[in-house]
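> Listed here are the chains, written in short residue letters.
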Amino acid sequence: MDVLKKVPVREQDPKVRATNFEEVCLGYNKEEAMEEASRCLNCKNAQCVKGCPVSISIPDFIKEVKEGNFEEAYNVITKSSSLPAVCGRVCPQENQCEGKCIRGIKGEAVSIGKLERFVADWAFENGIKPSVNAEKKNKKVAVIGSGPSGLSCAGDLAKMGYDVTVFEALHELGGVLVYGIPEFRLPKEKVVKKEIENVKALGVKFEKNTIIGKSFTIDELIDKYGFDAVFIGSGAGLPKFMGIPGENANGVFSANEYLTRSNLMKAFKESDTPIMIGKKVIVVGGGNVAMDAARTALRLGSEVHIVYRRSEEELPARVEEVHHAKEEGIIFNLLTNPVEILSDENGWVSGIKCIKMELGEPDESGRRSPVEIKGSEFEIECDAVIMSLGTSPNPLISSTTKGLEINRRKCIVVKEENGETSKDGVFAGGDAVTGAATVILAMGAGRTAAKGIDEYLSAKGN
Amino acid sequence: MYSILEAKELADSIYEFVVKAPNVAANCEPGQFVIVRTSEDSERIPLTICDYDREKETITIVVQVIGASTYAMKSLKAGDSFHDFVGPLGRPSELIETPIEELKQKKILFVAGGLGTAPVYPQVKWLHEHGVDADVIVGAKTKSLIIMEKEMEAVAGTLYITTDDGSYKRQGMVTKVIEDLYAEGKKYDLCVTIGPMIMMKFVCLLTKKLELKTIVSMNPIMVDGTGMCGACRLTVGDSVKFACVDGPEFDGHLVNFDEAMKRQQIYKTAEGRAYLKAKEGDTHHGGCGQCGGDK
Ligand SMILES: Cc1cc2nc3c(=O)[nH]c(=O)nc-3n(C[C@H](O)[C@H](O)[C@H](O)COP(=O)(O)OP(=O)(O)OC[C@H]3O[C@@H](n4cnc5c(N)ncnc54)[C@H](O)[C@@H]3O)c2cc1C
Ligand SMILES: Cc1cc2nc3c(=O)[nH]c(=O)nc-3n(C[C@H](O)[C@H](O)[C@H](O)COP(=O)(O)OP(=O)(O)OC[C@H]3O[C@@H](n4cnc5c(N)ncnc54)[C@H](O)[C@@H]3O)c2cc1C
Ligand code: SF4
Ligand code: SF4
Ligand code: FES
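Protein chains in written order, with this note's numbering: chain A, 10 to 471; chain B, 1349 to 1643.
Hints are supplied without guarantee of correctness; some may be wrong.
So the derived label-pair ranges between C-beta atoms look like this [what the hints assert, rightly or not]:
1. Glu-1527/B x Lys-411/A: 46 to 52 angstroms
2. Arg-1402/B x Gly-235/A: 17 to 23 angstroms
3. Glu-1445/B x Asn-135/A: 53 to 59 angstroms
4. Lys-288/A x Gly-1427/B: 45 to 51 angstroms
5. Lys-59/A x Lys-1404/B: 56 to 62 angstroms
6. Asp-1513/B x Glu-279/A: 38 to 44 angstroms
7. Lys-39/A x Met-1609/B: 58 to 64 angstroms
8. Glu-117/A x Val-1588/B: 44 to 50 angstroms
9. Glu-373/A x Lys-1455/B: 56 to 62 angstroms
10. Gly-444/A x Glu-1445/B: 30 to 36 angstroms
Calculated directly from the structure, the hints in this document are not laboratory data. No residue lacks a Cβ here, since even glycine has one placed at the ideal position from N, Cα and C.
Pulled out of the complex, with its shape left as it was, chain A reads as follows (with noise of 0.2 angstroms):
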């Protein structure tokens, strides 16, 4: 074994995979978990420690993984973690845990990441249940949204010993992780559907296809149905489109409507809900959700191409999605940003008009920004187009909010210790605070403002 390299995990063949919705990432066995854990060098002032938004103990659970304990190293993970299996799967581990890893100095960093999801995934075969053991208090909290950020702070104040309602407006629980991040890449009934059932298992009840601001709004809670707290943890749904000419034409898209036909609505398999497949498709965009729309119309049976207006470096995804992308056959167009998309005599979409992009100077975000070379307009041919820009929180909740600050991105604001709003006894986090960031951020800010709520209603007695 060379301890400078991670042990290779297996997946799917590109080829093969390519034309399913399996998992690409088959994850460690046990004996490649215990080999890789070796790995770690168990250091004192542990660096990927730091890296973690949730400062998982890692060499701690490591050091169990290496000993074969695996339950151990569960209950490690899970004093800080709300969702192991799906942050092993999703995090962006290269920028946090692993992106700080003493290892990673030399050769490669531990795969934290995958030894995570190996733990997460061996408690879910064994039945193993995050524990609770706290006495009931008498107090109501009802949490809005119930993607990681309120899955985490549900969880987190059940085991406080509180009331806990989780209000969802779809007809599936888990936001995000259900309705955008796809099959392939997190399985619903094997990692998320099981995540959700140890936060029910912990005592929170669950109502969905309630709107908060719609059904009943904030002050309704607290006034009419005698809740004593709210968390706000309504995510940024809000889908931005560029504003160029033909973008209403039959065959345009947003990300997020296309990946939610595909998986909350089940159109990749046999459902009522229709998905229109490209014969070749134009996804706008290059983060995560564009390749998660990309590699989805790939394996529905389209040719598929990314058109970024920055270079290949600049691409926020993240590294092992563009590198699976590419493996799977999905043609990159870099340094080109679309002005119009054109369409037929009956409003279908036939292509794409786009202009040659160059890198200048440096923006604030201190990536080089684009800059159009003019005269450089050229067509590409295609039938659909599936923009993915970017998103911004819903303006649902805080348009039917009497008193909750929002900033000029129309986030909520929030205190950064406790997550407290300027609304007296409601909370908020997550993307509805960040707009489009993490998942394992989200679940940060759930728990934050779980322990922020428990100091609220303490100070406040009976």
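Starting from the structure of chain A, add chain B with the ligands where the hints point.
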């Protein structure tokens, strides 16, 4: 699960359901809609709230069978239930946010086409209960497709019924009735029209000429109904609106109907296939030249 308390056939392939839905009934207003799923794997179907009873905690919906998902609702009976029933969605009708005194000054005309009668009803009823009697035009292809005549008569000022084929009451399209009324010297301050997009388009073309402000209720294809997918986007004036959160009611003189009607056809082929499968079992394999099942 949301139990169905009453189910009845109103006309050929038009069905009415009274559904127990406390959370929706508590807060809904005329003009809003719900999204319904019949079973575990069903599509999310948007349907206008046609009536509500806050005390009994019920919502009335009226459904026209046009495709696979609405076909699946056809056989539901009292005692059955819907798997999902979420709402109220969209914004309440502008009327109910206008001060009553102001409404009393106005002459209001409702124009309903076919199934559009059902969503027009709660608005007319609401006005009637607040002491405003609006005139109502109801049009349908033929006599058997006229619905809710008695209910409407009870709440409308004057009710004008017309059929395309002249099989009942007046003959001609709803636009003809508007023209006739204006020819008789009637004048209105506000028109609200709900029905098939093509009808709303022609009503708007006419009322623009008559300088009669007209509100339409748009029914584009929707998925979530909460502003998350953008499937329902429309061009209204210079801007793009999401019908599920910004609407469904808009100033009809600003709506780009041609684009909206094209967008409604996006899934026509796929839907047609699903419908035939639901109706005939898996026996349809193309060749009819309609559904594209052979492509
Ligand atoms: C396609 C895609 C791929 C992604 N890939 C990754 C990845 O690989 N790694 C990663 O770390 N992150 C990824 N992300 C980002 C990550 O999923 C989000 O940052 C995270 O899910 C945010 O969690 P949340 O709890 O704040 O909100 P969400 O997950 O958005 O959940 C919010 C929930 O609230 C519900 N809701 C909204 N409004 C209301 C209301 N008024 N009443 C009731 N319920 C309401 C919504 O229906 C939703 O279920 C991806 C996102 C997308 C869209
Ligand atoms: C806000 C709103 C309110 C509505 N209120 C009612 C109502 O009160 N009663 C009622 O019967 N219907 C109503 N509709 C229309 C209803 O949602 C559609 O008829 C239904 O979704 C069709 O489903 P299906 O699977 O049976 O037919 P599909 O197989 O999906 O469609 C058959 C044909 O209808 C068209 N179509 C698809 N979706 C829609 C849609 N959302 N609206 C219009 N046409 C569509 C397609 O072009 C297709 O060719 C409303 C729609 C909206 C958006
Ligand atoms: S939660 Fe994410 S960042 Fe933290 S250890 Fe796990 S994979 Fe790394
Ligand atoms: S930094 Fe790397 S080697 Fe050190 S404890 Fe963390 S995972 Fe192990
Ligand atoms: S239906 Fe999805 S945004 Fe309106």
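> Now look at each hint and say whether the structure bears it out.
Each hint tested on the structure:
1. Glu-1527/B x Lys-411/A: 46 to 52 angstroms: 47 angstroms, holds
2. Arg-1402/B x Gly-235/A: 17 to 23 angstroms: Between Arg-1402/B and Gly-235/A, where Cβ atoms are some 20 angstroms apart, the hint holds.
3. Glu-1445/B x Asn-135/A: 53 to 59 angstroms: 57 angstroms, holds
4. Lys-288/A x Gly-1427/B: 45 to 51 angstroms: Holds: the Cβ-Cβ distance is about 47 angstroms, inside 45 to 51 angstroms.
5. Lys-59/A x Lys-1404/B: 56 to 62 angstroms: Between Lys-59/A and Lys-1404/B, where Cβ atoms are some 59 angstroms apart, the hint holds.
6. Asp-1513/B x Glu-279/A: 38 to 44 angstroms: This hint holds: roughly 40 angstroms between Cβ atoms.
7. Lys-39/A x Met-1609/B: 58 to 64 angstroms: About 59 angstroms separates the Cβ atoms of Lys-39/A and Met-1609/B, which means 58 to 64 angstroms holds.
8. Glu-117/A x Val-1588/B: 44 to 50 angstroms: 47 angstroms, holds
9. Glu-373/A x Lys-1455/B: 56 to 62 angstroms: Holds: the Cβ-Cβ distance is about 57 angstroms, inside 56 to 62 angstroms.
10. Gly-444/A x Glu-1445/B: 30 to 36 angstroms: 32 angstroms, holds
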